[in-house]
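Could you use the hints to bring the two separately framed chains together as a complex?
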Amino acid sequence: MASSSTKTRQTQASKKAQALTYAAVAFSIIAILISSYSFIHPKIKTVYVNTTVYLNGTSPPTTLTKYNISGTLITPPYSLASDPVINKSAPFGRTLNGINQPLNSSSLAVINKAPNSYFETAGLKYLNNSLSNQVGASANPVPAFMVNGKPSVIYFGSITCIFCGENRWAMALALSRFGNFSTLYTGYSSLGDADLPTLYWSPAHYNQSAVDLGSFYSSNYINFIAIEDTDPITGGFSLQPVATIQQEVNSTGNTAYMDAMAYLIQTGDKYKNFGGTPYAIWGTFQIDGADAVDLGNTTTQINSTYALGYMTHAQVLQQLSNPNDQFAWTEYAAADLYVAMICSTISNTAPVCKLSAVQSLEARGY
Amino acid sequence: MKPGRFLVFKSIFSSPFSLVLLATASIAYYYFIMYIIRISGSGLALVTAPIYLIYLTVVTSGLLLTISIYSLHLSLKSMASEVSEGAASVVTVFIGSLVSSCGCSAPILGTILYGIGFDSVGVSGILSFVGSNQYLLLGIISLANLLLIYYSLGKLSGECKLKNGRIVPRK
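Sequence order for the protein chains is A and B. The opening residue of the first sequence carries number 1 in the numbering used here; numbering runs sequentially from there. The opening residue of the second sequence carries number 1001 in the numbering used here; numbering runs sequentially from there.
Hints are not guaranteed to be accurate.
Derived pair list, reagent style SDA-like, types lysine to any residue, alpha-carbon separation capped at 20 Å [stated by the list, open to error]: (1) A:Lys-270 x B:Gly-1117; (2) A:Lys-16 x B:Tyr-1151; (3) B:Lys-1155 x A:Ala-13; (4) B:Lys-1155 x A:Tyr-22; (5) A:Lys-272 x B:Thr-1111; (6) A:Lys-272 x B:Phe-1118; (7) B:Lys-1077 x A:Thr-11.
Label-pair restraints from in silico Cβ distances [unchecked claim]: (8) B:Pro-1050 x A:Ser-360: 44 to 50 Å; (9) A:Thr-234 x B:Leu-1162: 50 to 56 Å; (10) B:Asn-1133 x A:Lys-354: 47 to 53 Å.
A partial selection of chain A residues facing chain B, derived with a Cβ cut-off under 7 Å [as the list claims (entries may be wrong)]: (11) Thr-21; (12) Phe-27; (13) Ser-28; (14) Gly-93; (15) Phe-237; (16) Ser-238; (17) Val-242; (18) Ala-243; (19) Gly-268; (20) Phe-274; (21) Gly-276; (22) Gly-289; (23) Val-293.
In short, the hints are calculated from the structure, not lab data. All C-beta atoms in this analysis are idealised placements derived from N, C-alpha and C, irrespective of residue type, glycine included.
Chain B extracted, bound-state conformation (with noise of 0.2 Å):
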């Protein structure tokens, strides 16, 4: 009998190393956002986007990461493919910290932008529509994260099973 997402999550996270896991990845996201928001204010930590959006994207982030480890530990010991949707979490991480930042001045954000070929008004046009969004932006990628999570989980309980608590590839 295959496990649920639940129980395949309390596995995970019931044990110490994916604990430690998870902390390390969360402030490793957490440090890289605020050195990106630093890097964009002129050296200074101007943290204009609502701090608890920030927080619940590293933790998310953090937790895509983990699951994602985690499929690749037990994946080395099978054949299995595993999860790896944690590779997401850094994409989402980055996009994260360009709203976050995003303030009086947006110059990483910027030169994304030029890169791909805005002008000045199309630039200028992004960067007032993301400074004024950051809260449903932030909102949006935790929301991708948690989904993520959702169907790793998914992938993880199809492809394990349960055996004394703990969850363990089914070949």
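Here chain A stands alone, though its shape is the one from the complex (with noise of 0.2 Å):
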């Protein structure tokens, strides 16, 4: 006959162990019913909400290293030997067509040319709520990146990356507002990652992992810093430690670009917010994800819900040189963020800073 004390172990044991029973069950209860809830109810937020943005504090924290610096930026090479230009066609989710292409004249003007009347119908939509997609951005303040005596635009993303594929068109959009590109390339993300087309700022290392650097671009506002890791294409996401794409970034001896590559883990660790790709400063402003998920209309028109896959380059072109849908006026809005934080930084010197949207958007907190 068991002893009063082993009688007592095992109904403490007992209780022990209906406990956490009894909290399984109550999580997944729990859990059934707020994932359940997020599925039905077609207004659920997540952490990047719809016309909402915050600004940490009003002033750039005094911890980060000021940067001024001199120095050239990087000139990437106009194409890669190991990484040529595909020409050959495959269904939408595989396709790899055009991949490393420079942009001709026409396509290239769709980006530089664009009309700032597109950027100012496409802000009020943004601010009087009226676009389905989602835009928005959690942007905290940072010291401008200073090079030549000019701010700059330090990105960080991935070739295999969706949010940065979709992303790269409001940028490029962006930065066209401030300056001009001489070449862009068309791109891809992953295969695994949706496959969308996309932009390249330079010729991709689509094959391999390594790190692009530099773009085609100036501008006599602002600097754009562009660091970009890549892996095999036809893969998945993957992203390399930052560890290892700052080494490589040192490698290269270019001042700017080593301190541009410290200055963004700084930012990182002061804000804890280094989760993924892409990871950007504009100007005074550090944000971690891109500012807009578009990728595709969310009206009936198109029905898959990465509808950006099943584009080709040509198509979101056609549509940004002639917005009449949400995917393109998203594209527009997601810029106009990107436009505010510059004219903000630049104490609006540049003649798209005179937009009402703009200003509106300033007055926000960019």
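The structure is reproduced here in structure tokens:
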């Protein structure tokens, strides 16, 4: 017959085991309720809340290094023998047709010469909450990264990444308001990450793990420092560790890029918000993630969730040249947020800063 | 004579209640994983991990939870301590959700890592590792569930007996 102490221990163990099991059951019930609600409710918000932007603090923190350096930026090669242009059709989702192809002059003009009126209309749509796609960014204040007397846009991304793929359209449009791209390239996100048509700042090492640096952008207002991780495009999303990427950046010996990389890491440590790509600094604003989720229309015109993955580059450019749907307006609205950040940084010295939508966005905190 | 693990398993899952419980738990865990994926992916259910491994994770976790609940049901009839490893299914599902959601962005996992004390370089290293090894990690999680199921059945086998084809507390 078991002693009373043994029975007591068994009772305690039993109670503990029961409590754990009850907790597990409760978690399961809560999990199914919360997650079922999120699928059922059409307006459920995620961490990137539409129309809501955050600005932590009103002035840049003093603990971040203030860079003010001089030097040349990296100019990438115009082509890569190891990663040539592919001219072979394939079904959507598996296509790399035209990868690393420079945009022709008319396609480039869609970006460089986009009318300011498109930015104004899209900005007003965003401010009036008439965009269906998600637009918004959580931005933190940082000191401007000054190179040659100009503030900088520092971009850290990956060619394999779906969000980077979508975001580069908005980035290119925004940058075009302050300067000019002499060349851009057609690209794709990785086949495992929706195979989205996108732009590359320079020819990408799409066959291997590497780091692509630089662009063909020039501006009197800002610098554009592009740091793009590359991995085989036929796989899924992949990102080399930041330490590895930093080593490759440092191996170039380019002061601007070395310091920019260090600065990105520093801001990530400061705000504890590096959670993947894209990751960027737009003037005096640090942003983790893309500022929009624009993978297609939310209207019934295009039913696929990732409608962008079923478009060619020509179709995307055609929509951007004549915006009349949610996808195109969202790209311009996303660009407007970046424009507002830069305008705020450069004290509105560029013509685009006079747009009322941009001024309204600045008043909201950019 | 104590029943073997297979007989215990068979006895548990020959009950309609257990089957309903298994289905409910598996669905709950699946929805939870997809919810975490959506949050991490800015609202997109961008499943970058192999879907069959996600299914395996939720089913093994559901099995584990069901066995634990069944043993709880038995323990309410006796003073015997019973299987509590079902609580571990919650942990494995949560870890599985973080692994499955690791893609371009992994805000939840990143936040946890920063909270533990990693810096950006450390966080990126872990995110890179998790993102590149989703197959392996989900496989390990499912294997852990299977081992816990094996262990749980062993415990039940030692503390129960078969009576009319059903397991009942030995005492």
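Each hint tested on the structure:
Simply put, A:Lys-270 and B:Gly-1117 have alpha-carbon atoms about 12 Å apart, close enough for the 20 Å limit, and the pair holds. Of the pairs offered as hints, the one joining A:Lys-16 and B:Tyr-1151 holds, with about 18 Å between alpha carbons and a cut-off of 20 Å not exceeded. Between B:Lys-1155 and A:Ala-13, the direct Cα distance comes to roughly 14 Å. Compliance with the 20 Å bound is thereby established for this hinted pair. Distance restraint check for B:Lys-1155 and A:Tyr-22: the Cα-Cα separation of roughly 19 Å lies within the 20 Å cut-off, and the hinted pair is therefore satisfied.
For the proposed pair A:Lys-272 and B:Thr-1111, the alpha carbon gap of about 7 Å is at most 20 Å, so the pair holds. Distance check on the hinted pair: A:Lys-272 and B:Phe-1118 sit about 9 Å apart at the alpha-carbon level, within 20 Å; holds. Taken as a hint, the B:Lys-1077 and A:Thr-11 pair is honoured in the structure, with Cα atoms around 13 Å apart against an allowance of 20 Å. For the pair B:Pro-1050 and A:Ser-360, the beta carbons lie near 46 Å from each other, so the given range of 44 to 50 Å is met.
Distance hint for A:Thr-234 and B:Leu-1162: a CB-CB separation of about 54 Å, consistent with the stated range 50 to 56 Å. Against the hinted window of 47 to 53 Å, the Cβ-Cβ separation of B:Asn-1133 and A:Lys-354 comes to about 50 Å, which satisfies the hint. The interface hint given for A:Thr-21 holds, since its Cβ lies 5 Å from the closest Cβ of chain B, which is under the 7 Å cut-off. Interface restraint check: A:Phe-27 against chain B, minimum CB-CB distance 5 Å, threshold 7 Å, status holds.
Taking 7 Å as the C-beta contact cut-off toward chain B, the hint placing A:Ser-28 at the interface holds, the least distance being around 4 Å. Below 7 Å, beta-carbon pairs count as interface contacts, and A:Gly-93 has none with chain B, the closest being about 14 Å; its hint is therefore violated. Given the 7 Å rule on beta carbons, the hint for A:Phe-237 holds: about 5 Å separates it from the nearest Cβ of chain B. For A:Ser-238, the interface hint holds, the least distance from its beta-carbon to any beta-carbon of chain B being 6 Å, beneath 7 Å.
Hint status for A:Val-242: holds, given a least beta-carbon distance of 4 Å to chain B, under 7 Å. At its closest, the beta carbon of A:Ala-243 sits 5 Å from a beta carbon of chain B; the interface hint therefore holds under the 7 Å criterion. The restraint placing A:Gly-268 at the interface with chain B holds, with a minimum CB-CB distance near 3 Å, inside the 7 Å limit. At about 4 Å, the closest approach between the beta carbon of A:Phe-274 and any beta carbon in chain B falls short of 7 Å, and the interface hint on this residue holds.
Given the 7 Å rule on beta carbons, the hint for A:Gly-276 holds: about 4 Å separates it from the nearest Cβ of chain B. Taking 7 Å as the C-beta cut-off, the interface hint given for A:Gly-289 holds, the closest approach to chain B being about 6 Å. Annotation: A:Val-293 was flagged as interfacial toward chain B, and the flag holds, the nearest CB pair being 5 Å apart, inside 7 Å.
Checked against the numbered hints given earlier, this structure breaks only hint 14.
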